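Make the full structure from the sequences, and use the hints.
Start counting the sequence shown at 43; every next residue gets the next number (this note's numbering).
Treat the hints as calculated values from the structure; they're not laboratory data.
Small disclaimer: the values here were computed from a predicted structure and weren't measured.
Where hints are given, some of them may not hold.
Have a look at the derived ranges for each label pair, beta carbon to beta carbon [as the list claims (entries may be wrong)]: (1) Leu192 to Pro77: 15 to 23 Å; (2) Tyr56 to Pro137: 39 to 47 Å; (3) Glu142 to Arg207: 32 to 40 Å; (4) Gly199 to Pro75: 22 to 30 Å; (5) Tyr58 to Leu232: 49 to 57 Å; (6) Trp239 to Pro162: 55 to 63 Å; (7) Pro77 to Arg207: 22 to 30 Å; (8) Leu204 to Gln57: 22 to 30 Å.
For every residue, glycine included, the Cβ atom is placed at its ideal position computed from N, Cα and C.
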Amino acid sequence: MISADLSSIEPFLYQYGAFTVFASVLLEKIGGPTPAETLLVVAALLSTSQSFWVWHVILAGWLGGAAGGIIAYVIGRYGGLPALKRYGHRLRITPARIEETQRRLRGNGMKLVFFAQFFPFLRQMKGVAAGAADMSWPAFLIANLLGSGLWALVWGGGAYVLGQRISGLQAFVNEHALVILAVPFLLALLVAAWVYWRSRRGAKAS
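Below, the structure written as structure tokens:
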């Protein structure tokens, strides 16, 4: 399943680069069914082989998230709840989701907008719901920028570091393949010799 997803995603990344990440994250923020998080991670992993520069990937994720959040906020603010409840299902935005997110926004608006970036459902809903709930624009903008930036850094940077570790491990294995293969073989010989010695010693004692 994962390999199939990667094979379908990679051609877009090679052709359009970090813009693919930007567009995917932006569309997801306004309710589009795009694999934004997967694209960000895959692009960061590919950057370990010099196909991309990782900071371009992280920046694209940040800007896409920030821009998508702003667009979603404007939609919610000026489109209003009636339009969202009537047409939101086309973007997988249901009335129940809107009401749940609004309820949480009333109590902890900035915190919710900031941390919502790390949860797929809330990430899609936060901008629209914040706008519809008339959340303060400066408060939303700050939380949206910071949350989108941290999300892109955690997923993009984390995937890049993991990819480097895996590449380093593969290089080590390739360089010391004979030693790595010989160690378990030698251990098996030592265990067999010890068992044989114990059995011989037991036979003599009896």
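Hints, one by one, checked against the model:
1. Here the CB-CB span from Leu192 to Pro77 is close to 20 Å, well matched to the stated 15 to 23 Å.
2. With their beta carbons about 40 Å apart, Tyr56 and Pro137 fall inside the hinted range of 39 to 47 Å.
3. Checking the proposed 32 to 40 Å range against Glu142 and Arg207 shows it holds: the Cβ atoms sit about 39 Å from each other.
4. In this structure the hint that Gly199 and Pro75 lie 22 to 30 Å apart at CB holds, the actual value being about 26 Å.
5. Range check, Tyr58 to Leu232: Cβ separation about 56 Å, and the 49 to 57 Å hint holds.
6. Evaluation of the 55 to 63 Å hint for Trp239 and Pro162 yields a pass: the beta carbon distance comes to about 60 Å.
7. The beta-carbon spacing between Pro77 and Arg207, approximately 24 Å, falls within the hinted interval of 22 to 30 Å.
8. Between Leu204 and Gln57 the beta carbon distance is about 25 Å. The supplied range of 22 to 30 Å therefore holds.
Checked against the numbered hints listed earlier, the structure breaks none of them; every hint is satisfied.
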